[in-house]
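My request is simple: use the sequences and hints to build the entire structure.
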Amino acid sequence: MTTPTAPVGRTDRSRAVPDAPDGGAPGGFAGATASEWTKLWSVRAPWLCLLAGLAITGVFTYYYASIARINEHPVQPVGNAAASSAVLVQFAVVVLATVAVTSEYSTGSVRASLLSVPQRHRVQAAKALVAAMVAFVAGTTFAFVGTAVAWVAFDGRASFGAGPTLLQVLAVGLYQALVAVLTVGVAFAARHPAGALSILVTLLWALPSVLLGLGGPTLADVNDHLPHGAGDHFMRLGAEAPYGPATAVLIVAAWAVTAHLIGLYVLRRRDA
Numbered sequence: 001m002t003t004p005t006a007p008v009g010r011t012d013r014s015r016a017v018p019d020a021p022d023g024g025a026p027g028g029f030a031g032a033t034a035s036e037w038t039k040l041w042s043v044r045a046p047w048l049c050l051l052a053g054l055a056i057t058g059v060f061t062y063y064y065a066s067i068a069r070i071n072e073h074p075v076q077p078v079g080n081a082a083a084s085s086a087v088l089v090q091f092a093v094v095v096l097a098t099v100a101v102t103s104e105y106s107t108g109s110v111r112a113s114l115l116s117v118p119q120r121h122r123v124q125a126a127k128a129l130v131a132a133m134v135a136f137v138a139g140t141t142f143a144f145v146g147t148a149v150a151w152v153a154f155d156g157r158a159s160f161g162a163g164p165t166l167l168q169v170l171a172v173g174l175y176q177a178l179v180a181v182l183t184v185g186v187a188f189a190a191r192h193p194a195g196a197l198s199i200l201v202t203l204l205w206a207l208p209s210v211l212l213g214l215g216g217p218t219l220a221d222v223n224d225h226l227p228h229g230a231g232d233h234f235m236r237l238g239a240e241a242p243y244g245p246a247t248a249v250l251i252v253a254a255w256a257v258t259a260h261l262i263g264l265y266v267l268r269r270r271d272a
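Position 55 (the sequence shown) corresponds to 55 in our numbering; numbering is contiguous.
Because the hints were derived from the structure by calculation, they are not lab data. Keep in mind the model is a prediction, meaning the values are calculated, not measured. All C-beta atoms in this analysis are idealised placements derived from N, C-alpha and C, irrespective of residue type, glycine included. Worth double-checking, as some hints may not be accurate.
Stated by the list, open to error - Derived DEER-like restraints, expressed as beta-carbon distance ranges:
| no. | residue 1 | residue 2 | range |
| --- | --- | --- | --- |
| 1 | Arg269 | Leu166 | 37 to 47 Å |
| 2 | Arg120 | Leu166 | 30 to 40 Å |
| 3 | Ile199 | Thr38 | 25 to 35 Å |
| 4 | Arg269 | Gly156 | 36 to 46 Å |
Okay, here's the thing in structure tokens:
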């Protein structure tokens with residue numbers, strides 16, 4: 001009695017990987033994004049970063065509004081307190097996005113990521129997208145909470161309009177999302193948390209502080225074209241700016257795209 005066998009060279013299409021593109025070939029941008037989402041929330045650091053960002057927002061906005069009330073500053077939009085808090089809160093997003101990249105280099109798991117998704121640009125784009133989504137939601141949440149806290153602390157020395165306040169909340173979220181994309185690019189270029197954080201702290205805080213501290217129109221103009229200088233112009237309302245909000249968004253986006261391309265160049269040129 002003979003046992004029937006399948007013809008040589010034929011494959012069983014029903015055994016292909018379900019829901020995979022190209023007849024069962026693993027990968028795809030959607031799969032890479034889902035994988036990065038899972039990896040991000042499988043560690044404790046992102047949760048700690050978000051909690052730290054929420055706490056910093058509450059403390060900073062209450063302090064900002066209280067100082068404005070005590071010193072009888074001119075009435076300003078209540079959302080300016082949350083917008084101003086971004087100078088500190090952005091580093092919660094920076095640490096979150098940095099860890100999402102450099103943790104894989106420190107553990108060596110980046111090799112598995114690049115084996116499962118050989119297209120390196122797809123891996124970086126997936127990380128940037130996930131970090132940007134989390135940063136946007138976190139940024140808008142921080143801004144909403146900060147606006148509520150500041151409204152109480154202003155005690156009448158702030159104006160409120162539903163439309164402008166909503167725009168400021170969304171602007172803070174957009175800024176944080178762009179900072180996340182910029183951070184992912186820098187982290188891929190540096191490949192080490194200390195190196196990435198050193199670059200980002202210098203670019204987003206130390207250099208602007210030095211430029212504004214030294215003063216002068218030329219240095220102020222340079223600061224206006226740095227990420228946070230431009231971001232402050234489209235997050236805050238009522239402040240004088242050398243250009244409009246749309247231009248400010250494009251400046252921050254240009255920094256994010258440039259960092260992303262530099263990180264992609266390093267990712268493609270160096271072994272994992």
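Each hint tested on the structure:
no.: 1; hint: Arg269 with Leu166: 37 to 47 Å; verdict: holds, 43 Å
no.: 2; hint: Arg120 with Leu166: 30 to 40 Å; verdict: holds, 38 Å
no.: 3; hint: Ile199 with Thr38: 25 to 35 Å; verdict: holds, 28 Å
no.: 4; hint: Arg269 with Gly156: 36 to 46 Å; verdict: violated, 58 Å
Comparing the model with each numbered hint stated earlier shows that hint 4 is the single one that does not hold.
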